[in-house]
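Student: Residue numbers (the numbering used here), protein chains in the order written: chain A, 1 to 121; chain B, 1 to 213; chain C, 1 to 293.
To be clear, the hints were calculated from the coordinates, so they are not data collected in a lab.
As the structure is a prediction and not an experimental result, all values here were calculated from the model.
Just so you know, even glycine gets a beta-carbon here, dropped at the ideal spot from N, CA and C.
Among the clues, some could well be false.
Claimed, not checked - Counterexamples of contact, computed for chain C against chain A with all Cβ distances above 12 Å:
{"no.": "1", "residue": "Gln7"}
{"no.": "2", "residue": "Asp56"}
{"no.": "3", "residue": "Ala114"}
{"no.": "4", "residue": "Glu262"}
{"no.": "5", "residue": "Val271"}
Stated by the list, open to error - Not the full set, but computed from the structure, chain C residues with beta-carbon under 7 Å of chain A:
{"no.": "6", "residue": "Tyr171"}
{"no.": "7", "residue": "Leu175"}
{"no.": "8", "residue": "Ala179"}
{"no.": "9", "residue": "Asn197"}
{"no.": "10", "residue": "Asp217"}
{"no.": "11", "residue": "Ser277"}
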Amino acid sequence: MKEILNQEKSIYIQIAEMIENDILRDVIIEEERVPSTNELAKLYTINPATAAKGINLLVDNGILYKKRGVGMFVSSGAKAAIRESRKAEFYDKYIKSLLQEAEGLGIDKAELIRMIEKEDK
Amino acid sequence: MSKVFRIMKADFRSTASVYLRSLMMVAFFFIYFRIFCGGTFINLGMLLIWSQAIMIYMLSMQDISNSIPTYIGMGCTRKSVSIAIWIRWFLLLMISIGIYALVCAILYPEMLTIKLFITQISTFMMMLGLNSVIMVIRDRNQWIGVVFGCLMAAGIGIGTVAFTKTTESAGIIAQKIGSVSDGIFSTSFFIAVAVLLFGIVFHTIRLKKYSVR
Amino acid sequence: MSLTINQVSKVYGKKVALNQLSLELEDGKIYGLIGRNGAGKTTLLSIASAQNAATDGEVLLDGKRVWENEEALKDICFSREIATTATDSRNTSKVCEYLRIASILYPNWNAELADELITEFGLDRKMRMNKLSKGMQSMVTIIVALASGARFTFLDEPVTGLDVVAREYFYKVLLDEYAKGERTFVISTHIIEEAANVFEEVIFIHEGKALLKEETDSLLERTVHISGKEEDVDAVCDGKKVHHVEKLGRSKAVTVLLNPGEEPDTKGRDVDIRPLSLQDVFVALCGKEESYE
Chain A
1 MKEILNQEKS
11 IYIQIAEMIE
21 NDILRDVIIE
31 EERVPSTNEL
41 AKLYTINPAT
51 AAKGINLLVD
61 NGILYKKRGV
71 GMFVSSGAKA
81 AIRESRKAEF
91 YDKYIKSLLQ
101 EAEGLGIDKA
111 ELIRMIEKED
121 K
Chain B
1 MSKVFRIMKA
11 DFRSTASVYL
21 RSLMMVAFFF
31 IYFRIFCGGT
41 FINLGMLLIW
51 SQAIMIYMLS
61 MQDISNSIPT
71 YIGMGCTRKS
81 VSIAIWIRWF
91 LLLMISIGIY
101 ALVCAILYPE
111 MLTIKLFITQ
121 ISTFMMMLGL
131 NSVIMVIRDR
141 NQWIGVVFGC
151 LMAAGIGIGT
161 VAFTKTTESA
171 GIIAQKIGSV
181 SDGIFSTSFF
191 IAVAVLLFGI
201 VFHTIRLKKY
211 SVR
Chain C
1 MSLTINQVSK
11 VYGKKVALNQ
21 LSLELEDGKI
31 YGLIGRNGAG
41 KTTLLSIASA
51 QNAATDGEVL
61 LDGKRVWENE
71 EALKDICFSR
81 EIATTATDSR
91 NTSKVCEYLR
101 IASILYPNWN
111 AELADELITE
121 FGLDRKMRMN
131 KLSKGMQSMV
141 TIIVALASGA
151 RFTFLDEPVT
161 GLDVVAREYF
171 YKVLLDEYAK
181 GERTFVISTH
191 IIEEAANVFE
201 EVIFIHEGKA
211 LLKEETDSLL
221 ERTVHISGKE
231 EDVDAVCDGK
241 KVHHVEKLGR
251 SKAVTVLLNP
261 GEEPDTKGRD
271 VDIRPLSLQD
281 VFVALCGKEE
291 SYE
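The whole structure should be built from the sequences, with the hints applied where relevant.
Tutor: As C-alpha cells, then:
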C-alpha cells in the first residue's frame, strides 16, 4: 500500500489513486475489504476526513461499495472499470503532453513513432 | 465544591513536603538550642513563630510560581483555587497549633494556657495576612515585594529580640501574656484578624483576573 | 457543541496582541493554527481556555461564557509548558507528580494512554520538571493534552524540540485519539509541512486577526502559483488580487487565491500554473512582500 504522498495533487485524489493501483495490481482483490478511513489516516498521517473523501470518490465511481457495519468493499468488475477510465485518461494525460513537449523540441511525428518503436525492442 | 476538593487533593503532596521541610528545620534548631543553649520555653515559642513565618513564605512562593498557574492551567477556576488555598491555610493553622500544644504539653505543661494559644493563632494570622499582601505586590513588582518582605522579616526579628530581652527567663513569657490586660489582648487579636482579612481580600482581588503566563 | 470566540481583543500594555478576533470552532475537527511569531496564537489559545483574561470580547462554549465557568472548563484543555520558565520559579516537582496532579484535575483523564505515551517517549518519570530538555517538556505537554480527554484540546507548538520519530509518533497517536470521535484539536505549529495533511481546517492568524479559516483541501485547491513572462502573468492575473510577487529579469511569479470552484483562465498565454504547499500559501499570505527588480 504505502506510497509516498506528494503535493502536486490533492491528498484525497492520491489516496483514491493508490487504492485503484492496489486493485489493478491485485494487492486488494474484488469483493475484499479495503482499509478503513481511520486505518488509512494513521498509515499516511492524514486527517480521516481527507481519507474519507478519497474513499467516497471511489464509491461514487462504483469502484467500492459499502457493507453496512462492516466497511468498504471492492465491487466486482472494479478492476475492469478502473482500466477503462485510466485508458480514457491516458490520451489526455500522456499523449497530449507528449505531443506538446515534442512540438516544443521540434520532434516530428515520424521521429516520435521511431522512438516508440525503438523502446519496443 | 468537588473541584475545590480535587485541587486540595492534588495540592496535598507538595504542601506536605514544604510543611515537613519547615518542620524539620525547626526541629533541628530546637535540638541545637536544647543541647548548646539550654533550651527554654522562650526558644520554643520564638522558633515556632519563625517556623511559621518560613513555612508561610515557602508555601506562598510555591503557590504563586507553581501551584496557581498549574491548577488554573488545568481548567480550575480562580475562585475554586482561591477557596482551596484558604481552606488549606486554615487546616495548616490547626495543625501548627496542634503540634505546638503537643510539644508544650510534653515539655512545659505548666505553660499551657488559652491566652498563649490565642497569641499563637494571632501571630499566624498576622503573618499570613501580611505575607499574602507581600506576595501580591511581589507578583506585580518583584523589587517592591522583596523590600516589603525584608521589612516584615526585620519587624519580626526586632520584635523577637525585644521580646526576649524583656522576658529574661523562662516562664516570664507566659506571665507577661497572663498579665497583659484583656483590653490590649483582644485588641491585638482583632488587629491580627483584620490583617488576615485584608490579606484575603487583597489576594482574592489579585486572583480575580489572574493570567497564566 | 461549538466554541465561539467573539470579538476578542487583548492588549498588553501598549501592545495589541489580539484585535477584535472572531472565530467559530466546530466539534470533531483537527484545526491547524498557523501564524508568525507574535501573531497572537498563544494568547488566543490561552484566552479561549480561560487561562488568560480578554481585554474585550468573550469566549462561549455552547453559548455559555467559559471565563470562571467550571462546567465549560471541564471540556477544554490547553496544555502548555507551565512555570518552567517563570522568573523565580523552581518547579522541582517530578514528572510523575505533575501528571498525578493532571490526573486528579481532569475528570476524563486516560491513565492508560498516559502510561503508554511515557513508555513510548522514553520519558523518565522521576525527572524534575525544571531539568527537562525542550523536547521532554514537549512530551509532558503532549501527554497532558492527549490524556486529558477534554472535548476541546489545544496544543501550542507541541512538536518543538521533538525528533522526527517522536513527531511522527505524536501525529499517529493524535489521529488515534481523534478517531475515537468526540474530540476537537487545535494545534499551532511552525513546522507546517509535516502537519498539513493532518489538519482538516487551517486558521491563519496575522497581526492579531484571523486572516482565514478554511478547509485545508479547498484552500490548496484554489491557491495557485503563476509564473512566466511578466506581461503574460499580468494578463492572466488581471483583476485578481496577487500575493507574494517575485520578479527576476523578464519573469514574474505570483500567488493567486481563486474563488472556490474558479479555474485560472490562461487566455492563451504561456504561463506555468502550479499548486502550492500549505507552507507556501502561508508565506504568500502572511510573509513579507519581496521583489527582485
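Student: Next, verify each hint and record whether it holds.
Tutor: The hints, checked one at a time:
no., hint, in the structure
1, Gln7, "holds, 29 Å"
2, Asp56, "holds, 34 Å"
3, Ala114, "holds, 20 Å"
4, Glu262, "holds, 16 Å"
5, Val271, "holds, 14 Å"
6, Tyr171, "holds, 5 Å"
7, Leu175, "holds, 5 Å"
8, Ala179, "holds, 4 Å"
9, Asn197, "holds, 4 Å"
10, Asp217, "holds, 6 Å"
11, Ser277, "holds, 5 Å"
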